[in-house]
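Those protein sequence lines, which keep their order, are chains A and B.
Just so we're aligned: 127 in numbering that gives the first Met the number 0 is position 128 of the first sequence, and the numbers increase by one with no gaps anywhere.
Just so we're aligned: 37 in numbering that gives the first Met the number 0 is position 38 of the second sequence, and the numbers increase by one with no gaps anywhere.
Note that these hints are calculated values from the structure, not bench results.
Note that the coordinates shown come from a computational prediction; the quantities given were computed from them, not determined experimentally.
Misleading hints may appear alongside valid ones.
[Stated by the list, open to error] Label pairs and their in silico Cβ distance ranges:
1) B:P34 with A:F439: 34 to 44 Å
2) B:Y86 with A:P326: 23 to 33 Å
3) A:L263 with B:P34: 20 to 30 Å
4) B:A79 with A:H212: 24 to 34 Å
5) B:A79 with A:P326: 25 to 35 Å
6) A:L263 with B:W7: 48 to 58 Å
All residues carry an ideal CB built from backbone N, CA and C; glycine is no exception.
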Amino acid sequence: MRTEVIRIYKTVHTWAGILTGLVLFIAFYAGAITVFKEPLERWIAPPNHSIRAPLTQMHELITQTLSARPDAGKEFTLHLGDEEHVPARLTWQKKTDGDVFWSTAIAQDGSLQIARIHPSGLARFVDMIHRTGGIPGNSEIGEHFMGVVAMLYGVALISGLIVLLPSLARNFLALRLGTKLKRIWLDAHNLIGVASFPFHLVMALSAVVFAFHDHLYDIQDAVVYAGKLKPIMKADSPFSAVKQDPQPAAMLPPDMLLARVKSLSPAFEPVMMQYRDAGTRGASVRVSGNDPRYMLRGKGFLVMSPVSGEILNTDYFPGRQDLWNAPVSAIFALHFASFGGDTVRWCYFFLGLAGAFLFYSGNRLWIETRSRDGRDKSAVQRRSTRFMAALTVGVCFGCISGISLTIVAGKWLHGHVADVDAWHKGIYYAVFLGSIAWAFLRDSQKAAVELLFLAAATTAAIPLTTLLAWVLPSLGMWVNDSPAAIGVDVVALAGALALLRMMRYRARNNVGNRYPLPVGEGWGEGI
Amino acid sequence: MGKTRYDWFGKGSAGVLCGLGLAVAVSGLFAWLGPGGLYAPNKFQLNMWLMSPIWLGVISFCFLFRSGLRAWLWLGGANALAFVGLYACRHFLS
């Protein structure tokens with residue numbers, strides 16, 4: 000390939016990368032955690048004393064709830080699992096009350112219990128950081144912002160590959176440790192970038208669609224479908240066979256409906272049943288669940304009538320997706336890691352963390368190149384380098400500390416403050432912005448060591464909180480002892496140790512400067 | 000051989016705008032002429048998903064053109080062809 004083309008694409012790669020690297024770091028770090036959203040929900044879920052009716056009692060539960068609270072009939076959910084984060088067997092949400100959940104259970108004496116519940120918004124908040132890069136306020140603005148970032152990210156990926164192609168065979172597996180620092184960062188950046196290229200390509204392509212799908216549909220509606228897209232969408236809806244009919248009708252018991260689903264696919268594990276217009280002839284129930292053998296959009300589901308028991312739609316059911324639905328579900332699954340079970344989730348967790356490292360290393364490379372470069376010693380260049388060094392340190396380590404501390408706070412603040420979810424946000428942004436301010440106020444090399452220590456300490460506080468809650472029950476905190484919840488503690492402990500190691504490595508490099516810089520201009524050494 | 004120029008604005012604008020146009024038109028041609036035609040059940044989602052790789056692909060590769068003008072001419076021409084095809088589909092197939 001001609002050298003001019005390489006030179007142009009090097010500039011494209013540098014600009015696309017430096018503009019988006021830090022937002023992508025946040026998105027990938029929070030995304031790696033979001034892969035294990037359910038374990039995090041199970042870790043944070045406060046002790047739940049509501050009685051979970053056995054599956055055989057669910058019919059009774061529905062009948063009693065609907066006679067006591069007819070407003071629940073419009074839309075309610077049966078939760079089939081018994082994990083810590085499942086709030087109750089039957090829940091519904093009053094739209095006018097915002098995020099307030101109501102739940103019902105049958106008490107031991109057979110009477111109906113109705114209570115207001117407040118499931119923790121922690122895991123949802125981390126997911127929100129993942130989807131918006133942490134842009135506060137209206138999530139639509141954040142998602143559109145991420146859409147633009149995702150496009151630049153796609154350009155950075157392709158341009159990076161073009162730049163690397165001519166020397167790929169020579170450089171791909173080279174990791175020249177112990178040589179110049181810039182070389183190490185470059186080799187690590189290339190190795191991870193090329194090795195996880197397909198993963199990143201899927202992320203960029205899907206993130207653009209997640210951000211802009213409404214607009215893309217609107218454009219296609221006008222240009223391709225001549226305004227006829229709405230009826231096509233309606234006809235393809237999984238609920239298209241459901242006809243509203245307010246006449247009262249008796250519903251079949253849930254266990255009978257589940258038996259029908261099982262006869263369709265014995266391997267499908269149902270997780271929840273979402274009823275609509277319950278108790279009428281036009282009632283429908285959406286049964287969603289997992290089947291790790293298939294690629295699904297989060298969970299697979301089918302729609303059936305709880306009155307007749309007829310299965311109305313299997314377009315999104317594992318193994319029953321058609322020619323057009325299956326490939327689209329595959330792209331979703333490749334983004335959400337919703338296939339292959341825990342093995343794939345672990346792969347995605349590490350690919351996500353490696354992605355975060357890829358963007359961090361890209362910024363380090365940018366900084367390293369400019370602080371070493373003898374040609375660019377102008378004051379402007381120096382300021383921009385110092386600015387990026389401080390911003391990189393503050394954003395990356397601030398994001399890690401902010402997420403860790405907000406996870407920990409969920410247990411410490413429970414029962415002591417009225418709105419824990421608001422505190423989750425406040426704590427994350429306070430730590431995140433505070434870390435950035437710290438990095439700018441301090442020499443960014445020193446700040447890097449200190450902020451890495453903060454990240455390690457806040458992350459270690461996750462398992463320490465669990466330990467403390469276990470040793471001192473008087474603190475009023477709780478320990479969820481399922482393998483999934485304990486897994487969160489184990490992973491956090493490993494993360495804290497890794498961060499501690501990075502801190503020591505960086506501190507050592509700061510002291511034993513191999514390329515000493517003038518005092519007060521420390522922006523470029525160590526990890 | 001002429002030198003490949005930077006021409007950031009010329010090439011970039013061609014990539015973003017003509018890339019979007021090409022994504023709409025090519026995905027539209029697929030919607031009309033691909034298996035099952037426009038009304039094949041559940042096809043509309045894949046039609047929309049096709050836009051993302053086409054758009055991103057054009058933005059990524061538009062800097063290979065030797066100048067902004069060439070980028071606009073080639074990509075504009077491709078757009079014109081694709082849209083003529085799309086409007087022919089809308090006219091004759093609907």
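For A79 of chain B and P326 of chain A, compare the CB-CB distance with the range 25 to 35 Å and indicate the outcome.
-> Taking Cβ atoms as reference, A79 of chain B and P326 of chain A lie about 30 Å apart, which means the hint holds.
Could you tell me whether the CB distance from A79 of chain B to H212 of chain A stays inside 24 to 34 Å?
-> Given range 24 to 34 Å: holds, Cβ gap about 27 Å.
Could you say whether the range 48 to 58 Å given as a hint is met by the Cβ separation of L263 of chain A and W7 of chain B?
-> Given about 56 Å between the Cβ atoms, the range holds.
Outcome for the supplied range 34 to 44 Å, where the beta carbon pair is P34 of chain B and F439 of chain A | violated (57 Å)
Given the hint of 23 to 33 Å, check if Y86 of chain B and P326 of chain A actually sit that far apart at their C-beta atoms.
-> This hint holds: roughly 27 Å between Cβ atoms.
20 to 30 Å as the expected CB spacing between P34 of chain B and L263 of chain A, which holds or is violated = 27 Å Cβ-Cβ, so the 20 to 30 Å window holds.
When the structure is compared with the earlier hints, a violation turns up for hint 1 alone.
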